[in-house]
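Since the structure of chain A is already known, use the hints to place chain B on it.
One line per chain: the protein sequences are A and B, in this order.
Heads up, the first sequence is in the numbering used here, so the first residue is 1 and it goes up one at a time.
Heads up, the second sequence is in the numbering used here, so the first residue is 1 and it goes up one at a time.
Hints are computed from structural coordinates only; laboratory data are not their basis.
Incorrect hints may appear among the rest.
[Claimed, not checked] For lysine to aspartate or glutamate, the following DMTMM-like pairs were computed, each having C-alpha atoms within a straight-line distance of at most 25 Å: (1) 17(B) x 386(A); (2) 17(B) x 5(B); (3) 223(B) x 23(B); (4) 24(A) x 65(A); (5) 52(B) x 386(A); (6) 52(B) x 385(A); (7) 399(A) x 114(B); (8) 7(B) x 76(B); (9) 399(A) x 54(B); (10) 399(A) x 56(B); (11) 52(B) x 384(A); (12) 153(B) x 384(A); (13) 55(A) x 212(A); (14) 39(A) x 13(A); (15) 316(A) x 91(B); (16) 7(B) x 197(B); (17) 39(A) x 58(A); (18) 124(B) x 136(B); (19) 399(A) x 76(B); (20) 52(B) x 355(A).
It should be emphasised that the depicted structure is a prediction, and the values quoted were computed from it without experimental measurement.
In case you want the letters, here they are:
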Amino acid sequence: MNAEIRTMRTQAELALLDAFANHKDRLVGARDERVAAFKKFEEAGLPHRRVEEWKYTDLRALMRDAKPLAAKPDAAAIAAAREAGRIAGVDARRIVLVNGTFVPELADTAALERGLTITSLAEALVAPGNALAGLGRTVQTNDVVVALNTAFMADGVVIRVAKDAAIERPIHIVHVFSGREAAATFTRSLVVVEPGAKLTLIESHEGAPDVDYQVNTALELVVGDGARVEHVKLGLEGSKALHLSSTMAAVGADAVLRDFAFMTGGAVCRNQLFIRLDGASTQLVVSGANLLKGRQHVDTTMLVDHAAGGCQGREKFKSVVDEQSRVVFQGKIIVRPGAQKTDARMATHALLLSEEAEADNKPELEIFADDVQCGHGATAGALDEELLFYLKARGIPAKEAEALLIQSFVGDAIENVAHEGLREALVAATAQWLQARS
Amino acid sequence: MPMLEVKNLHVEVEGKKILNGLDLTVPSGQVHAIMGPNGSGKSTLAYVLAGKEDYEVTEGDVLLDGESILGLEPDERAARGLFLAFQYPMEIPGVASMTFLRTALNAQRRARGEQELSTPDFLKRVRDVAARLHIDQDMLRRGVNVGFSGGEKKRNEILQMALLEPRLCVLDETDSGLDIDALKIVADGVNALRAPDRSMIVITHYQRLLNYIVPDVVHVMAKGRVVKTGGKELALELEAHGYAEYREAAA
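The shape of chain A in the complex, shown without the other chains:
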C-alpha cells in the first residue's frame, strides 16, 4: 500500500501557483526553462527547516504570503528613484532597476568603455541569437528560491566585459522598490567577464521603509581565466522587506574574485552564494558584514566548490547583532577529488550586543582530496570588558568606546574590499549605523 504524504500548501505557495498560472504567458522568453524551474517548486514547495540548507531560515513559516508580481513602474516611481544608490566618493556607472524593471532613462549607458556591453535582461530574453547563452547554467543548483527566480524573472541587467578589457569605473546595479503597495520583484542579472578582463560590480538594494515588499534577485557571474572581479553588495532594504538573493559564480583559472556583502536593511534576508572554482591557481575572497537590530534576520548560506586544485579561498564574515536580531551563517567548502593544494579558510565572528540576540554558525567541510589545507573558525561573544575599561581609562566615554571597538570589529571584514572608495563608504556606513544606535 502506498501512503502518499502531502503537506498542505501554504497561502504563499498557493499564491505562487496562481501567479505562475496567470502570468506564464506574459513572462517573456525562456519558456521551457521557466516551466521546468516552476515544476521544481511545485514538487518541493517553499524550503522549510527540515531542508538542511534552510535549517535556520524556515522560509515556509517566514513567508506568510506571496505578494502580487510588481507592475511596471509609473512616472512617479521612476522620478522617485532618479538619485537612488548614489555612493559618496564613488563614481560609478549606475543602472537603476525600479520595482524590478530596467528603466532605460535611469541607465547610465552613455559612452561605454571599449569591450563593455550593457543591456536589459527583458531585451536579451527576446533578442534573436545567443545573447543569453549560458543563462541558468553558471552554477547548477536545485535550490527552490533560485527556481522561483528562473520561473518569474522579469528583468535585470546583462553585462559583458570583453577579453582583456579593464573597466576601471565601477558598474552599479541599483535595485529600488518605490511602490506604495506591497509587491514581489524577480530580477536576474548575468555578468560575464571574459578572460583577462577586469570589473568592479556594485549591487545595491533599497526600498520603502514601511511596505512589506518581497525581492527575489539572482546574479550569475562568469569570471574567465585570469579575470579580476570585485562584487560588492549593499543590502539596504526597507525594514519590512523580504530579501532573497542568490549569487552564482563560476570562476576560471588564475583569476581573482572578491565578493563582499554589507547588510543592514530588511526584515528577513537570505544571501545565498554558490561559487565554483573551475580553474587552478585562483584566488577567492568572500566576506561580509552584517549589522542587525530590532527583529532582523539575516542568513548567509555559502557553498564554495573547489572543483580545481591550487586555489586559495578566504572567507571572513563579521556580524554585529543587537536587540532581538538573529544572524545565520552556513558555509560549506567542498574540495573535489583531484583538487590538490587547495588552501581554504573560513571564519565567522559574531558580536552579540544584547542578551536576546542570536548567532547561528554552521561550517561544513567536505574534502575528497588528500593534499589540502582547510580550516574554519566561528566565534560569538560580547564586547571585551577589559578592552572597554582600557579605552574608558583613557577618557573615552562608554558609548564611544563601544562604537570604536565595534567599528574595528567590522572594519576587519571591510578591509577585504579592494576598491578604496567603496571601502571608505562602508566604513562611513558602519559609523552611521553606530551613530543611529546610540
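Frame of chain A, contents of chain B only:
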C-alpha cells in the same frame, strides 16, 4: 590641599577583601613609590583609583583635589586628570593608535569644556612625544599595541601619558618585563613629566626602577594597607632585606 587622599579604603573583589583600611596622601608635585610583596593589593589600588568595575568599595573614600571620585566613571576620572599606566596594556586590533590617541585626547578636552585639537596640532604633538620615547611613526599607524613587544607596549603607555598630560599618574609595575635599555627610556619619559602641578604614584615590586625614577616618598604595602612610610632610602632597605618582615607584621 593634597592632590590625592585615600582614606581608610576597604575594597572587595568578588566577596574577597583585598584592601583593608588603606590610607595614602600624595601632595602636588611629589612622586610616591608603593612597594610591597605580591598579593599585598598594589594593583588593586591602581584599578580602584582608575575606576574598574567589579572592585567594590565597602568603606572609605578617594579624594582627588578634595573631591570624591568614587562615583565617577573611568572616563570622567581620566578627564579630571587621572591616568593609569597599565601593567598589561591591551592590544586593540583594528583601532589605529592615531585614532585611539586622538579620540581619547579630544574626549577629555570635550569633557573639560576645551576646544578639540586641530589635526596639525595633534600630529605635531604626537610626533614630538614619540620622538622623545624612541617610538617609530610606523608603530602608530598600526592597531593599538598590536604586535608590540612588552617594552614597546610600556613605552606606548608613557606616550599616552605624555600626550594626555594628566595631573595624577599611576604607574602599575611599569618596569615589569623591561630590559635595562627600555627601562631607561621609560624612566626618562616619566622624569620629563615631573612637574610642580603633577603627582605620580609608582607601583613596583623591585627597587631597580627607583634608581631611575627617584621618589620623594616610599610606602610599603602589606595585606591591603600601608604599613610603613619613609624616604627613598626605604627602598634600598627593602632591596637588602626583602619583604619577610612586612609579611609577618601584617599577619
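Would you pick out the hints that fail for this structure and give their numbers low to high?
none
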